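Here the protein sequences come in this chain order: A and B. Sequential numbering from 1 applies to the first sequence in the numbering used here. Sequential numbering from 1 applies to the second sequence in the numbering used here.
One should not assume that every hint holds.
[What the hints assert, rightly or not] Pairs of lysine-lysine residues, derived as DSS-like cross-links and limited to a Cα-Cα distance of at most 25 Å, are as follows: (1) A/K569 <-> A/K163; (2) A/K407 <-> B/K22; (3) A/K405 <-> B/K47; (4) B/K59 <-> A/K263; (5) B/K92 <-> A/K407; (6) A/K163 <-> A/K127.
To be clear, the hints were calculated from the coordinates, so they are not data collected in a lab. Here the structure is a predicted model, which means the values were calculated and not measured.
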Amino acid sequence: MKNLFSLSFFLLVFANLYSQEKVIGKVVFEDLGVSYPIGGSSIYWQGTQSGTISNDNGEFEIQKIESTNNLVISYIGFKTQIILIEKDKFYNVVLVYDDENELDDVTVTKRRNAVQRSYILPQNVVKISEQELLNAACCNLSESFETNPSIDVNHSDAVTGTKQIEMLGLKSPYILITEENVPMVRGASQTFGLGFTPGTWIESIQVTKGMGSVINGYESIVGQINTELKKPLTDIPLYINMFNSADGRYELNTQVKSIISQKINTSFFAHYNKRDQINDKNKDNFIDKPIQNQINLLNRWQYTNAEKGIVSFFNFRILDDLKKIGEKSSLTDDSKWGGRIKTKRFDTSFKLGYVNPNTPYQTVGFQLAFNVHDQNSVYGNSIYNIKQESLFLNLLYNTIISNTKNKIKIGLNYSYDQYDELVFIYDIFRSDKSLGSFFEYSYDNLNNLNFVLGLRYDTHNNMGSFFTPRMHFRYNINDNLSLKGAYGQGRKLANIFSENQIIFLTNRSIENKFLSEKLYGLNPEKASNYGFSLDQKFNLFGGQGNLIFDYYSTRFSNKVIVDYENFRKIDFYNSDYGKSKSNSSQFEVLFSKNNWNITAAYKMYDVENFYKDGLKEKPLQPKNIIFFNYGVESNRVGEKFWKFNFTYNRLGKQRLMKNPRDNNLYTQPHFSINSQITRIFSSKFEVYLGGENLNNYKQKDPIIMASNPFSSDFDASIIHGPIFGSMYYAGLRFKILN
Amino acid sequence: MKKIIFLLLLLPFFAFGQSKGKSVKESFLVDGNCNMCKNRIETATLKLNGVKYVNWDSKSSNFSIIYNSKKVTIDEIRTRIAEVGHDNGKYKASLETYDELPNCCRYRHTGKH
């Protein structure tokens, strides 16, 4: 069969040199004496970005350039040809059908479009592939979004080195973060959890802006981030990554796969990281990035039986993480302000998917996950311990009504969470149980419209019983312009201490009622979110691009306000006037041509909290952000090539809460530049070198009263920019392919 | 009241668990090349009344279909595939229809059968 594909086609390029400046030609393939024009083939000078595409008649015109005579002609499904352009010569090039590069989605979206937007799904989903993750500096999930404009990454405080993510102007507790659709960074793991998934374990990340599906629960409010880990069946036999950065961090990631039988595969993932170097670039006597080490081990088993339509996974994972923070001298002197955050975590999960081989539209999915997250921490004189035990069960049934244009998903889920906290000297215990059922209908007219209507009903021991509606639609106005819209509701219980551990990096006073009353004396948070996005595809200068505009609005009918407005005091209260809101709009341009691509985005945020004394802008929230990313790959010489990536990120002014350090109401805008270069020696081996914050921007005096951290003015929470300055790193990747 | 609503939400489990009508599964070869072909073949057949599920695999050219034999016949399905430009067995696409296919879909020229 394959041999039949390799029948040759004749690509005739009638290239004439007009006044030695332009090359004019025609791209065709010939069959039985008839020539068929190939429109849309790309023609460019080798090693340059100078190119064009052929028109519907296969004709093209391209300016002659000085640097090369090699003209590259490529078209999906055909092998790329390079022809030498000489004077007064007739070019006759034979192209063969490319059977290694089948005409499938991968070819159409082009290899280097590592970020893929979905045109088919009604949700506003961006998929970040493993390729794109390689462009981020390092190393874990919290550091994976720096080359992607949908998510904002900021430092949470001046002491723990933790990165915090935001979407649509709201922090990670309002984002549902799942791993293979099981809630992952949640409750106790809210502050540090993103650092517990090594980047090299990740196969892809799906970022959903706006409401997610009802299937994944009622908790997502501004969006969902789902991580898919590498699967034993498709995994490569061996992967090794080593990393070292100038701040003294070492990482080792390894992955070994073994094939037990035709149906059973297993992968073993190991991660180790360590930083023992004491960094204090800003000379405030506080360690800038924690002394840390982490051991993270995962074993995955996959059973695949294609004839019976069964796929099953079993995962087992343990984590041990230690961070030491505080004054440099605290490492040896107990009387100094010091701290340690010790986390042990255990995860196990089981997943079973069944597709009825006779009726492939009927599928059943079952998920069971259990985890224990145990954090013991000391922050100066404060103790904060939290232990969470969670059980998650999900049963999902997919079927159709009359045909696959109408799909139905129905299911049940049960979740149990037990929290045991020790805050200062107070014990807080809580258990959450919820049982929910959901129903989702999706319609696709197979042409330009599809929509999803979802509803779930949950009964929760602490939140009562409630419905959660969600809906999404996609309408293609024409072949190049699509409109997506979404509406939905979400709720969550606030875990005020685990979500806001930076309060322990201050000496602000906390009222006792939060430590004694049930649910911290607070009602569940509730919000609705709607939004739309417009996506226009375009062709320009021989490349393809997208022009995207989106607008999302989140309105809280009840929000738990974390009030830092009064210095020396922290307050939590319900703001149930329906006035707390977050509006965000984003313009984004994506453009890719030949071997390079750019992403440029402008984001505007209007986020307001309704405080006790009225409506105020959310503090430390940039009102606008400019994002720019450029990526390029060099031509391949054999298997060797270079990859280069550049990111510019500018944060606009941010409102400051009242404090003795800052006299101004707003911060000054600032920017940071990240860049990375990778040398690929072969498909097995590559080396990379990069830098973060190359322009070396540093927030001045990040810690208030660093000189006297036991005084009531001490506060390391008011952070609006990087504290570390520039940071360089290098690493290597070694793979054994199948 | 709330218990009733909860049960109502569970109802689809039972309702859709039962399949109604006579479902027939068949598979045969349909000529084509690429994902555009896949989309054309699948969309055209899925729009026929009585067709529940279709899948065309570009690698093997294998087309599989599940349909309600009381509402649609295999003859109608095969005719419809030929009408949109794809040969399948003795059902051939007309020259006019074939000529309107985009370049990448011209399976007669690629020699893929």
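Hints and how they fare:
Annotation: proposed proximity of A/K569 to A/K163 holds, straight-line Cα distance about 24 Å (limit 25 Å). A hinted pair counts as satisfied when its Cα atoms are at most 25 Å apart, and A/K407 with B/K22 qualifies at roughly 19 Å. For the hint linking A/K405 to B/K47, the alpha-carbon distance of about 9 Å falls within 25 Å, and the restraint holds. Our distance criterion of 25 Å between C-alpha atoms is met by B/K59 and A/K263, whose separation comes to about 23 Å.
Restraint check for B/K92 and A/K407: the C-alpha separation of about 32 Å exceeds 25 Å, so the hint is violated. Between A/K163 and A/K127 the CA atoms are separated by roughly 21 Å; this keeps the pair inside 25 Å, and the hint holds.
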